[in-house]
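Hey, can you work out the whole structure from these sequences and the hints?
Going down the list, the protein sequences come from chains A and B.
Per our numbering, the very first residue in the first sequence carries number 64; after that it's consecutive.
Per our numbering, the very first residue in the second sequence carries number 10; after that it's consecutive.
Rather than coming from a laboratory, the hints here were simulated on the basis of the structure.
Among the hints, erroneous ones may be present.
Said to hold, decoys possible - Once the Cα atoms are required to be at most 20 Å apart in a straight line, the calculated PhoX-like pairs of lysine-lysine come out as:
#: 1; chain 1: B; residue 1: K204; chain 2: B; residue 2: K248
#: 2; chain 1: A; residue 1: K172; chain 2: A; residue 2: K149
#: 3; chain 1: B; residue 1: K321; chain 2: B; residue 2: K91
#: 4; chain 1: B; residue 1: K248; chain 2: A; residue 2: K198
#: 5; chain 1: A; residue 1: K137; chain 2: A; residue 2: K224
#: 6; chain 1: A; residue 1: K198; chain 2: B; residue 2: K247
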Amino acid sequence: MYSKINISFTTFLALVTLTLVSPAMAEMEATHSPNLGNTPMEGTETFEAFGGKEGLVKIMDDFMIGLVQDPRTKPFFDNNKQAFIKAMLVEQMCELMNGGCKYPGRDMKSSHANMKVNREAFNALVEQFQFAMDKHNVPFSAQNKLLAKLAPMYRVIETTKGAAVPPNNLSN
Amino acid sequence: MHPPKKRILISAFLTSILSLMAHSANAELPMSNKLLLTGGVSQVEGAAGGGLTPWALIGGYGTNNEVGGNIHYTYVKSNDFKLDSYGFTLGLFDRVEFSVAQQEFDIGQLRNKVTAGLGADAIGRDTLDQIIVGLKVRVFGEAVLDADTWMPQVAVGLQYKENQDNEFIKSAVIGAKSDHGTDVYIAATKLLLDKNLLLNGTLRFTKANQFGLLGFGGDKNDSYDPMLEVSAAYLLSKKLAIGAEYRMKPNNLRSPANAALFGGAEVINLQEDDAFDIFVAYAPTKNIALTAAYVYLGNIATVDAVGADYGKQEAVYLSAQIGF
Chain A
64 MYSKINISFT
74 TFLALVTLTL
84 VSPAMAEMEA
94 THSPNLGNTP
104 MEGTETFEAF
114 GGKEGLVKIM
124 DDFMIGLVQD
134 PRTKPFFDNN
144 KQAFIKAMLV
154 EQMCELMNGG
164 CKYPGRDMKS
174 SHANMKVNRE
184 AFNALVEQFQ
194 FAMDKHNVPF
204 SAQNKLLAKL
214 APMYRVIETT
224 KGAAVPPNNL
234 SN
Chain B
10 MHPPKKRILI
20 SAFLTSILSL
30 MAHSANAELP
40 MSNKLLLTGG
50 VSQVEGAAGG
60 GLTPWALIGG
70 YGTNNEVGGN
80 IHYTYVKSND
90 FKLDSYGFTL
100 GLFDRVEFSV
110 AQQEFDIGQL
120 RNKVTAGLGA
130 DAIGRDTLDQ
140 IIVGLKVRVF
150 GEAVLDADTW
160 MPQVAVGLQY
170 KENQDNEFIK
180 SAVIGAKSDH
190 GTDVYIAATK
200 LLLDKNLLLN
210 GTLRFTKANQ
220 FGLLGFGGDK
230 NDSYDPMLEV
240 SAAYLLSKKL
250 AIGAEYRMKP
260 NNLRSPANAA
270 LFGGAEVINL
280 QEDDAFDIFV
290 AYAPTKNIAL
300 TAAYVYLGNI
310 ATVDAVGADY
320 GKQEAVYLSA
330 QIGF
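Structure, rendered in structure tokens:
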């Protein structure tokens, strides 16, 4: 008898706790930057595999060099916004990998609104990112954990199945 | 023995692929912008997939804005048989895939045993040949980029197969009901990118005996049966994948000669088994892919009475493809 009461009391307590805590948990989940484009990872193993924020900065430096060298992506990045884009990418990747950052930039749709990205350009960027990550010895599985967060963004970044149009050539 | 037309078709395609590749090297043609290995490799019947199984991926490295294609040669050597397969795969705008494969199945060893045992050349040929024309259409889904959902890429396809040794496969030795048939399949492929894992399931409706090399339908069964094919591949790097596949096969044949000549004893055993493989695929660049595999094929044709105890065929599978 006593134990039965005890069980139901425990159940009651658990329910109350859940009711009180659930909204708080939901709030916690929603605390990532609204424009991040995907939910951040749970642990920090991937962030560490990238060498933390310091590692990310170096990777983005080489990533940008590759993007400007690649004729498929050059028209999108060969401009005076390189430093800004790199800084934004560092913050975005850092937050996606749960590295304690807050991405302050625009959402993926509006940040690509003044250009037309097709699948060729999107995949070319992925390839250049892979080269940069390889160069900095990011393990393949860690690369794919981040790419899995980024890949679905093709849905808003790609806006054409025809020819790609770089930012300078579209009036916004 | 082989209609020269088919050879001409394949060599014409080879020439055009090589010239397109040369073209892409110096021109600004948008080409080969799919990510490495995401066009699969040519499976044994010519479609993009693994070794045994067609996947929902469209072959070649063309994106939704491009055309891709490749030619392949595949060599399968089992304990007592050998298969050569060559052909091409063409991918159009990551939506439609067209493929042609010519297969030559070497049964010379069995022929020699039977001839020695019976004192008569009952088989009368060293190879059984067939041509396979495939068509695949991606219906929905994006296997690679939709990394945040379980929704796979889904394609439907068909493989029209025409055996070129109809006399023999329809004879009392084999008893196939037809020398041609069409396999119809639906395939679902998903790359679990954050786990480096690719999964595929294919449901095929077929009457083909040993892929069609022994014709279509037989005395045991002559109806379309659903056959499940599953594949799993683990990506070790951008260029390297290892995996395994399982392919159910029908079991349609019962040699009419057993009843007619041997009083019902199963002298010619054509029992067909399911197949599985373990493979490694390597793509050093987007122009080349090499696949090596161990394949278990089980029984194909056993004639114990003449010493052809060929019940458990294990094979080495080697395949190379070049394309864009």
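Against the structure, the hints:
1. B:K204 x B:K248: Holds, because 16 Å separates the two Cα atoms, which is no more than 20 Å.
2. A:K172 x A:K149: holds, 18 Å
3. B:K321 x B:K91: With a Cα-Cα distance of about 14 Å, the restraint between K321 of chain B and K91 of chain B holds, given a limit of 20 Å.
4. B:K248 x A:K198: holds, 16 Å
5. A:K137 x A:K224: With a Cα-Cα distance of about 19 Å, the restraint between K137 of chain A and K224 of chain A holds, given a limit of 20 Å.
6. A:K198 x B:K247: holds, 14 Å
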